[in-house]
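If you read the sequences in order, they're chains V and L. For the first sequence, position 15 (counting from the first letter as 1) is numbered -4 according to the numbering used here, and the numbering increases by one without interruption. For the second sequence, position 101 (counting from the first letter as 1) is numbered 82 according to the numbering used here, and the numbering increases by one without interruption.
It is possible that part of the hints are untrue.
Unchecked claim - DSS-like cross-link-like pairs, simulated, lysine-lysine; straight-line CA separation at most 27 Å:
| # | chain 1 | residue 1 | chain 2 | residue 2 |
| --- | --- | --- | --- | --- |
| 1 | L | LYS56 | V | LYS(-3) |
| 2 | L | LYS(-3) | V | LYS56 |
| 3 | L | LYS148 | V | LYS56 |
| 4 | L | LYS(-3) | L | LYS148 |
| 5 | L | LYS1 | V | LYS56 |
| 6 | V | LYS43 | V | LYS148 |
| 7 | V | LYS(-3) | V | LYS56 |
Hints listed in this document are in silico derivations from the structure and should not be mistaken for laboratory results. Bear in mind that the values here come from a model prediction, so they are computed numbers and not experimental data.
2 protein chains.
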Amino acid sequence: MQPENNFTPSQRSTIKRVPKRGDYERNTIYRILDEGLVCHVGFVANGQPFVIPTAYGRVDDKLYIHGSPASRMLKTLQSGIEVCVTVTLLDGLVLARSAFHHSMNYRSVVVFGTATTVETAEEKLEALNAFVEHVIPQRSQEVRPPNRNELTGTLVLSLPLDEASAKVRTGGPIDDEADYELPVWAGEIPLNLSAAEPVNDSRLPSSIEVPTYATQYMR
Amino acid sequence: MQPENNFTPSQRSTIKRVPKRGDYERNTIYRILDEGLVCHVGFVANGQPFVIPTAYGRVDDKLYIHGSPASRMLKTLQSGIEVCVTVTLLDGLVLARSAFHHSMNYRSVVVFGTATTVETAEEKLEALNAFVEHVIPQRSQEVRPPNRNELTGTLVLSLPLDEASAKVRTGGPIDDEADYELPVWAGEIPLNLSAAEPVNDSRLPSSIEVPTYATQYMR
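Please model the complete structure; the sequences and the hints are all you need to start from.
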């Protein structure tokens, strides 16, 4: 079944503060998820909230996270409790003429749901490749694929992308009318995640060249 | 009273996965908090975890977050429930010779505690300036300071920096011994948040020059 092009906002996924910045389009949400590198996983253990940063991958309408079977986070999530996964891309600093109206441009996605353990070796392998592909497309085909021990030794959880929302701010500052006369610079400082020159592993033979996906890495 | 130079790891703030990456030094933790621009605030409402990205500021041993008094997040936190605030800096992609050993270099901080509402106008003003200073030092002295309405119309919460831990990964990939023979590039792609050319606000008079803290913005 094809998923809907738009998510239906639920009570918990509805953007309440500045609703015009909310976006429930699947395309928008997936573009943000695909550009991000780290998600923040929120869960509750003994009444206590935890927010843990981790890598992730997306395959169709599933978000995968993974780690050691000893991970407190993964073991807790495995029990089927509610999880909230947030991905935030910071696009710029917004400098207004007043302290109060300073802001940031960003794109964020919040996903709600419950995670399930990936059981089949086939889906696990697909997910593990997705983690590498998420960061560097094509890379998973060049490296040694996961072996049986690695597959067994990795816990992979799958979160369905059923209930999610994006929130996006763009553009310059919005000042109080009277403040536009102030002799203060105002505008946006765009920010982006950029890559510096790759650093060879200390044991890399000199015959191996740095691939262009590393020298020209862009997000 | 001077706070201790090191945080005492509590049960919830102890780094359990790869404990050697844990760091409880106040200096390390504050450097990470001061470099970050966005934190992820985790809290529980009706048993449901929420993870919301937001700006923050630090003054001594307090972390401030703020927003509209109508904010669901702030109203929930005001009731004195447990909160978890996480800041993550992504420093690089670590490319190993096997899919399994791919990793990321990062520095993250997790803070636990309960927030309290900042009541006095004096501390509120200090916090509001801290939000601007956190992003651009000196900027708060150039812009119009918050007026009475803005102070009243902003809810500021203070989280004591009493219980926190950092987790840090640095360096290249760690491959299985047999994989070092593979003819695959391995190393690190360093990442950093970089600023592009500032964009003037559309209503900025041409007589106002872009300040160097904007043209040379660095994090």
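How the hints compare with the structure:
1. For the hint linking L/LYS56 to V/LYS(-3), the alpha-carbon distance of about 13 Å falls within 27 Å, and the restraint holds.
2. For a cut-off of 27 Å, the pair hint linking L/LYS(-3) to V/LYS56 stands: about 13 Å separates their Cα positions.
3. With a CA separation close to 20 Å, the supplied pair L/LYS148 and V/LYS56 stays within the 27 Å bound.
4. Our distance criterion of 27 Å between C-alpha atoms is met by L/LYS(-3) and L/LYS148, whose separation comes to about 10 Å.
5. With a C-alpha separation of about 21 Å, the suggested pair L/LYS1 and V/LYS56 falls inside the 27 Å cut-off, and the hint holds.
6. Our distance criterion of 27 Å between C-alpha atoms is met by V/LYS43 and V/LYS148, whose separation comes to about 20 Å.
7. Proximity of V/LYS(-3) to V/LYS56 is assessed by CA-CA distance (about 32 Å); at most 27 Å being required, the pair is judged violated.
Checked against the numbered hints given earlier, this structure breaks only hint 7.
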